[in-house]
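Chain B with the ligand: place on chain A using the hints.
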Amino acid sequence: MAVNPLRDELRMHRVPGPCAMVIFGGQGDLAGRKLVPALYNLYLRRLLPTGFALIGIGRRDAGGDEGYRAEMRARCESFSRTPVTEVEWQGFAAMLHWITGNFDDAATYAALAARLAAADTDLGTAGNVLYYLSVPPSQFPVIVDGLGDAGLAAETDRTFRRVVIEKPFGSDLASSAALNASVHRAFAERQIFRIDHYLGKESVQNILVFRFANGIFEPVWNRNFIDHVQITVAESIGVEGRGRFYEEAGALRDIVQNHMLQVLSFVAMEPPASFDAEAVRDERGKALVSCRPVRPADVVRGQYVAGHADGRLARSYREEEGVGAHSDVETYIAMRLLIDNWRWADTPIYLRTGKRLPKRVTEVAIQFKRVPHLPFSYAAAEQLEPNVLVLRIQPNEGISLRFGAKVPSERIQIRTVNMDFQYDTAFSSSPAEAYETLLLDVMRGDGTNFPRQDAVEESWRIIEPLLDSWQLQGGGPHHYEAGSWGPEAADELVARDRRRWRRP
Amino acid sequence: MTTTPLQIERELAALRGSAAGEQAGMRTHIVDLVAFADDAAVATACANAIGALRHSRPSRALVACGIATATGVTAESSVFCSPMQEGGHSLVCCELVRLQGPSDGVALASMAASLLLPDLPVFLLWLAPLDPDETPFASLRPLATRLVTDSTRHPATLDVLGGLIAQGREIVTDLAWTKITGWREVIAAIFDDPDHAERLGRLEQIAIRYVRGSAAQARLLAGWLASSAETDPALALDPVARDDMRAGSLLQVALTAGGVRFVVDRPEEGVAIVDAPGRPRRWVALRVPPFETLIGEELDFLTQDHAFLRAVAAVS
Ligand SMILES: NC(=O)c1ccc[n+]([C@@H]2O[C@H](COP(=O)([O-])OP(=O)(O)OC[C@H]3O[C@@H](n4cnc5c(N)ncnc54)[C@H](OP(=O)(O)O)[C@@H]3O)[C@@H](O)[C@H]2O)c1
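Chains A and B, in that order, give the protein sequences.
Count along the first sequence starting at 1, add 18, and that's the number in my numbering.
Count along the second sequence starting at 1, add 99, and that's the number in my numbering.
Chain A extracted, bound-state conformation:
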């Protein structure tokens, strides 16, 4: 389609073409906390398509369209990053609709087909539909089959049908492949968008710009200059009422398999030939292919016991609601990974993530090798640490570089100092919520920030030896106090290599 000449300029955003969005599980936690508030903010930013409808579906009666609108207004009032005002809400609410129905009932899909046809006529959605499966994964095959049988998954030359699924994408390699096969019963790979909200974060996307738009970093971004990499995803909260879910997942499945390995793929990938979705995803996929499966000996699991976190006494994981009294599920995991390629051979990548750690922080720290020779006295350089480049993903998105500087005095005394760049202070717009970015991407059909099935399967392959070994040996996790930086065994894991964890 020809570009609208009025949009061919600096300030205008690319607004996606008309479409309807259907949220299965429209009253659920994710829909009310993230999805609908994200859509409301897109409306305020005038980034929703001109023809747009939002249709929520679930088994509980929401009280018709009006009831659903009122419920979503309350959610937006609590969770939207921009305050809800009457006049703006009214314009948005007119696009919201509700259908009550069970996902295994053909009548639900008949009602949906009728509602979509009405949206085409009344709201100009032009036959394009995006299905968001905001439901437990057990419901994915049911809904996909329901859509397929009703003929609602088929595209035409002029219209699209896309489906968005949320993690977890399986619980191991086999179940991930099975889940994928079930979604493929009605949708082709190009119609499927797997959400990993980390990939919608500005600071993750900026890793590519930082690496490939600057001349000075890429030449040193390899084993010749980098000593090792540490990726940390620390949370200060516990499982917060999601105990039952967490018992099924654990830190490895909840964080490492998806978010951390995806972030790693950005850090480790080769330069893509272009910023085209497939070119970027090919390179990220290759980085994961080169990762060696993790050896159980290179992993430390932990589980928090009672301790002080955020200045308060926090109970142990086993005392959390929905958690078994003898649970061995890990709430912390640290591991050492190796990538077998020319860029990274023998450069360890350390990953750690945990709940009830001292603070909430996600960062990638690139630690460089020490200089080959220091022409200063030992006393002068005693406090000098290696250069570290830190890419902070949350909070305080930004970049900092640690380097040595002379302490002002008549003698030579070197100290390590920090040079900081902070996103928030540099640009006028506050970063959009990851879900706003990702929903726009799906509407535009841009898959760059969504893991493809090959990447999902590669990441299961990397951690598969752990799942096997835990199943066979049933080794319990080490305990660590809530509010600490994890079990001592994790310090020993890196100390083996004569390294230590950063304190973020």
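The set of hints was computed from the structure by calculation and includes no laboratory data.
Wrong hints could be hidden among the right ones.
[To be verified] Listed next, with one range per pair, are the computed distances between beta-carbon atoms: (1) Thr-280(B) x Phe-293(A): 51 to 57 Å; (2) Arg-77(A) x Arg-380(B): 32 to 38 Å; (3) Gly-357(B) x Arg-32(A): 52 to 58 Å; (4) Arg-360(B) x Arg-176(A): 24 to 30 Å; (5) Glu-506(A) x Leu-216(B): 17 to 23 Å; (6) Leu-216(B) x Arg-208(A): 45 to 51 Å; (7) Glu-339(A) x Thr-244(B): 57 to 63 Å; (8) Val-435(A) x Thr-280(B): 53 to 59 Å; (9) Asp-232(B) x Ser-427(A): 27 to 33 Å; (10) Asn-242(A) x Asp-294(B): 56 to 62 Å; (11) Asp-364(B) x Val-435(A): 54 to 60 Å.
Just so we're clear, the structure is a prediction, and the values are computed from it rather than from any experiment.
Backbone N, C-alpha and C fix where the C-beta goes; we use that ideal spot for every residue, glycine too.
Below, chain B with the ligand alone, put in the same frame as chain A:
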């Protein structure tokens, strides 16, 4: 008492130290901002807006004000520090220096030149009537990489911008243009519709109703549309009195193109209603951002805005 750049630098360093206290005060250097006003109240409003910028604060902002009775330059320095988001230990500091000096601006310009942080783009925000050949503009202009004017406040500015742009010395925009970005998005969306897209080339009439006081926003919007059409559309600008909206704000845009009529109406701040033939009536969010957001938006651009240049050319 008149001052020197060295005194100001010392004062700022002391202020930074005491504002940040034990915590590290840091600055992210993106731009230098120099604002010039010919009226103390406008200068104060501008300084307040810069202090209110949540993001994109210039590392150093110089707000200069010309005073007819002044004999030398006086300065008042302040430092705003705010914590870096949640729980961080560092503070981010922005320096603001208010300068007053003789209204010819020569002394103010020399003071500004020595206070700019090195190697950063300089934004010159011009909040006074603009006469390109006269001081103080002529003395401050050489500092600027980017000039931002405000023709909503000074409508005659729009008529001299064309000449300035033709000289090609700096990147130019106007806050009246920044204010109508939302309107332009709403109008552009009408022509995203494949059934209406080709009508844009056949624009016959543009009718704009706006709040009496300044025609700058209405003229720029009309210029923008006219420069995108292949025809020479008729133009009707209709000022009306309204107390509930700011002078110059747009109220309604009606377009006749390819024989059909499109209307965007803004009954109140926050919403616009779009009527296009054969399409359901649509409500869209449309709120003109506050002054500090407009400045913030401009500070993000460092390249020439060609759509703006075409719009100015069309109204000149
Ligand atoms: N919440 C998050 O922050 C988050 C983060 C990452 C990923 N996810 C993923 O997002 C998806 C949704 O999560 P959620 O937290 O929103 O879950 P949730 O609060 O349990 O919501 C699920 C929704 O689906 C409905 N539902 C479940 N089974 C159904 C059935 N058999 N028939 C009809 N409706 C059914 C539920 O209706 P009822 O209310 O009637 O049960 C509810 O509205 C899950 O795949 C989850 O893993 C969520």
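Distance restraint hint 32 to 38 Å, applied to the beta-carbon atoms of Arg-77(A) and Arg-380(B): This hint holds: roughly 34 Å between Cβ atoms.
Verdict for Arg-360(B), Arg-176(A) (Cβ pair) under range 24 to 30 Å: Distance hint for Arg-360(B), Arg-176(A) holds at roughly 28 Å.
Could one say that the CB atoms of Glu-339(A) and Thr-244(B) fall in the range 57 to 63 Å? holds, 59 Å
Could you say whether the range 27 to 33 Å given as a hint is met by the Cβ separation of Asp-232(B) and Ser-427(A)? At 54 Å between Cβs, range violated.
If you check the beta carbons of Asn-242(A) and Asp-294(B), does the distance land in 56 to 62 Å? Since Asn-242(A) and Asp-294(B) have Cβ atoms about 59 Å apart, the given range 56 to 62 Å holds.
Hint check for Arg-32(A) and Gly-357(B) - Cβ pair distance inside 52 to 58 Å: Hint violated: Cβ distance 24 Å, outside 52 to 58 Å.
Can you let me know if the beta-carbon spacing of Leu-216(B) and Arg-208(A) is within 45 to 51 Å? holds, 49 Å
So the hint says 54 to 60 Å: do the beta-carbon atoms of Asp-364(B) and Val-435(A) match that? Given about 57 Å between the Cβ atoms, the range holds.
Evaluate the given range 17 to 23 Å for the C-beta pair formed by Glu-506(A) and Leu-216(B). violated, 47 Å
Is 51 to 57 Å a correct range for the gap between the Cβ atoms of Thr-280(B) and Phe-293(A)? Since Thr-280(B) and Phe-293(A) have Cβ atoms about 26 Å apart, the given range 51 to 57 Å is violated.
Between Val-435(A) and Thr-280(B), does the C-beta distance stay in 53 to 59 Å? violated, 41 Å
The structure does not agree with the numbered hints 1, 3, 5, 8 and 9 stated previously, though it agrees with the rest.
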